[in-house]
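**Q** Chains D and X supply the protein sequences, listed in that same order. Under the working numbering, the first residue of the first sequence carries the number 1, and numbering increases by one thereafter. Under the working numbering, the first residue of the second sequence carries the number 1, and numbering increases by one thereafter.
I should point out that these hints are in silico values taken from the structure, not numbers from a laboratory. No residue lacks a Cβ here, since even glycine has one placed at the ideal position from N, Cα and C. Misleading hints may appear alongside valid ones.
The following label-pair restraints were derived from C-beta to C-beta distances [claimed, not checked]: (1) D:K8 / X:K187: 56 to 62 Å; (2) D:G161 / X:E113: 17 to 23 Å; (3) X:H14 / D:P86: 19 to 25 Å; (4) X:G126 / D:P94: 51 to 57 Å; (5) D:V5 / X:D197: 29 to 35 Å; (6) X:K112 / D:L15: 55 to 61 Å; (7) D:P86 / X:G140: 31 to 37 Å; (8) X:H14 / D:P94: 30 to 36 Å.
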Amino acid sequence: MLRSVSHKMLPTVSLVGFIAVWQFAASFWPPELFPSPLVVAKAFRELADMGVLWSHIGVSLARFTTAYLAAIIFAIPLGLFLGRNPLCRHAIDPLVQVLRPISPIAWFPLAVLWFGIGNAPAIFIIFLAAFYPVLLSTISAVVGIPPVYLKVANNFGAKPGAVFLRVIIPAAFPGIMVGLHIAVGTAWIHLVAGEMLGAQSGLGYMIVDARNFLRTDWIMAGMLLIGIIGLVINQAMRRAEQWLGRRWGGVA
Amino acid sequence: MTTPKIKLCAAEKHYSSPQGEDVIALAPVNLEIAKGEFVCLVGPSGCGKTTLINLMAGFEKTTAGTVTIDGRPVKGTDPDHIMIFQDYGLYPWRTVLGNVLFALEAKGLKKKEAVEKATEYIELVGLTKFTESFPHQLSGGMKQRVAIARALAVEPSVLFLDEPFGALDAFTRMYLQDELLRLWQEKRPTVVFVTHDLEEAVYLGGRVVLMAPGPGRVQKVIDIRLPWPRERTGDSLGKYRRELFEEFHLVHQQASGEAEYVI
Ligand SMILES: Nc1ncnc2c1ncn2[C@@H]1O[C@H](COP(=O)(O)OP(=O)(O)OP(=O)(O)O)[C@@H](O)[C@H]1O
Ligand SMILES: [Mg+2]
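Isolated chain D (complex conformation):
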């Protein structure tokens, strides 16, 4: 009983500890260089009161959602197709292997050249960040479908369309979900990078803008916010995954 309570308290304790250490450490530097948690909390208030915070969050989330959905829309069908076609997979493999290690950020100069400044390059970078995890996990999910599932479907005379919709997609689904989960993480990380490099709005821009004014408290508030929103998105994703996992009958 005592143990389970202390077990539940553990994260809170470490969080409080972290804040205490931060507060203590910050007392050695001027707040412009290393703001304390209290100062950052005030910065939050300030940013929220100014009203810009919400519009930055809104813009970032909109970019994130657009790019993420676009990545899914392209990567899943392509992954399903490649998963079913060993020949095409074989043909395209070297291309993927070469393109994948290129960080989405390295695309930035080209992205700006092609799409100009604004939403487009940031969306493009987030798109790239989400695209590969979804593509690769979809391919491996399809390739990894136990052959017996397909044998059974063929044996009962299921039509190709039915095999695709009722066997291949549900069988690959848990694997695709893993890719979607990974992709939310990478996409969110690259969102900030994308916005720092060229956008005029969003959380990444907010941080760059704060740096230009030497507002370290705003910078830290922005960083924390990114972390917290990332956490929320991740949690939501995990919930969805668990729910679907149950729905899918304990696979995954």
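Fit chain X with the ligands to the known structure of chain D by using the hints.
**A** Chain X with the ligands in isolation, oriented as in the chain D frame:
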């Protein structure tokens, strides 16, 4: 004799190994199986049992020779000839009902009719209480019963089973053997049953086809002229069991003899 249900004429199967060598998985086999018969294929690992049943079920093509069912050459799988696998082949994202429905919908039945039929066959294998359960909530034996219900629901004229009870414990296996016999006697499909268990083969089969490895071939066919249900420990079964074991011993000696020769 009337025309056989399944007929193999010098059916053989070769594979090419990764090194490009020709591997004879099955040397030419001649075999006739009558309609409604229960035939067991038995033999040590690697003697081509799976290869042979896959040729009949249409999962593999013969390298030479022919396989015909109802006088027509087997060109591929057929919803009238259903295979049951050792690992059940159930869809984990579908309930018991959903798994049986899959087969009936593939056959083109209307939803209402399909549900009725599925329910009937789930009852037949005694799983009515688990209609809405998912496969992961069932024991191995129950899963195989679902697979059997799914197979029988489409009313196939031939049932192929490749070591269907191989992964089950002895008690469940005996129970399912009796269940299978009961269902076979009720529905009377032609049954081809692969096993590596000699006991199982003599207990179930009207005929037992003993196979031998290196290359895979039919060693001997034994008629078991005993009515069902059979007494597992009975003397009459014992006689056949002895005969089969002696023959199997021969196969084993040959196999190990050859192995020594190779070494
Ligand atoms: N796809 C394949 N490619 C190459 N060789 C194969 C292939 N399938 C089977 N073989 C070979 O054919 C022979 C017979 O295999 P098969 O699976 O039919 O044996 P089996 O009697 O079913 O054995 P087990 O009892 O282990 O299931 C084996 O030597 C095996 O290595
Ligand atoms: Mg086998």
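**Q** State for each hint whether it applies.
**A** Hints versus structure:
At roughly 57 Å, the beta-carbon separation of D:K8 and X:K187 lies within the given 56 to 62 Å, and the hint holds. Range check, D:G161 to X:E113: about 21 Å between beta-carbon atoms, so the 17 to 23 Å window is met. The given range of 19 to 25 Å is respected by X:H14 and D:P86, whose C-beta atoms sit roughly 23 Å from each other. Separation of X:G126 from D:P94 is about 55 Å and conforms to the stated range, judged on CB atoms against 51 to 57 Å.
The hinted range of 29 to 35 Å is not satisfied by D:V5 and X:D197, whose Cβ atoms lie roughly 55 Å apart. Range check, X:K112 to D:L15: Cβ separation about 57 Å, and the 55 to 61 Å hint holds. Between D:P86 and X:G140, the C-beta spacing of about 32 Å keeps the proposed range 31 to 37 Å intact. At about 34 Å, the beta-carbon gap between X:H14 and D:P94 stays in the expected band of 30 to 36 Å.
Of the hints listed earlier, the one the structure fails to meet is number 5.
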